[in-house]
Amino acid sequence: GEDVEQSLFLSVREGDSSVINCTYTDSSSTYLYWYKQEPGAGLQLLTYIFSNMDMKQDQRLTVLLNKKDKHLSLRIADTQTGDSAIYFCAESYGQNFVFGPGTRLSVLP
Amino acid sequence: GAVVSQHPSRVICKSGTSVKIECRSLDFQATTMFWYRQFPKKSLMLMATSNEGSKATYEQGVEKDKFLINHASLTLSTLTVTSAHPEDSSFYICSARAGAGGPADTQYFGPGTRLTVL
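Protein chains in written order, with this note's numbering: chain A, -5 to 103; chain B, 1004 to 1121.
If we strip away everything but chain A, and leave its shape as in the complex, we get (with noise of 0.2 Å):
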C-alpha cells in the first residue's frame, strides 16, 4: 500500500538550518503537504506543493521535491524556539490523503 516515511526525531541549534526529510511511494501524487503540530494542538498547515514542481520557497521554508527520487524536504532558515514541534509530510492523490509518522524537531537554545 501507499507508505509515507520519516525520520523521527531531529535535533538542531537555535539560528541553524533544519531540514526535514520524507519519502513516499506513491508516484501519482498530486500534491505533496508539510504540517506543523504543536504540543497538545491540532495541525497547522505549512505549505505544500504541486507534483510538478521542484521548489518552493516562503520565507523561512524551502520545500524541494525530488519527483524521480520520491523524495521531499522541508528546509527551516534559521531556526527559532518557537519551531519546536512535530512535522508531519503527507500526500494526496485523487481522494486519499496520508500522512507519514511525523518528525519530532527540538531546537536547543
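Everything labelled a hint here was simulated from the structure, so no lab data went into it. Do not take every clue at face value.
Take a look, some chain B residues computed to stay more than 10 Å from chain A by CB distance [to be verified]: (1) 1010; (2) 1023; (3) 1030; (4) 1040; (5) 1046; (6) 1047; (7) 1065; (8) 1077; (9) 1081; (10) 1088; (11) 1090; (12) 1093; (13) 1109; (14) 1112; (15) 1121.
Covered by chain B, according to a simulated footprint, are these stretches of chain A (three or more residues, beta-carbon under 8 Å) [what the hints assert, rightly or not]: (16) 34 to 45; (17) 68 to 78.
The beta carbon of each residue, even a glycine, is placed where N, CA and C say it ideally should be.
With chain A fixed as given, assemble chain B onto it according to the hints.
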C-alpha cells in the same frame, strides 16, 4: 486561511457514557470531513471520511457502531463515542476539505479534542 474548530477541546467522562465532539468549518463549506485519532507520540490514524448528507466511510478496524459520525451540513460534522471505555482515551482531530483537486484538496485541521475516559 481556512479555519476549523472543534468542541470541546477537552472532555473527561465516566466509562459507559457517550461523548459527542463537534467539528465546524468556520469560513468555508466542507464537502468532506475526516476524523483522526492520534495516540501519544504517534502519527494520525484515519478513522473515517464523511461527505455531507451521506453515510461515513470507516477505515478497516474502526467500529462504526461505536464511533458514530454525522455530517449534517457543509459546515458541521460530529463524532459520538458511544459507551466509552478507558481504551478510547485519545486525541481526536477532525479535518475539513473544501473540494477535490488542487489546493482546494488541502485538509485543514481542527485543534483536536482530548478525551479521557475514567
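Give me the numbers of the hints this structure contradicts, sorted from smallest to largest.
Those not satisfied are hints 5, 6, 13, 14 and 17.
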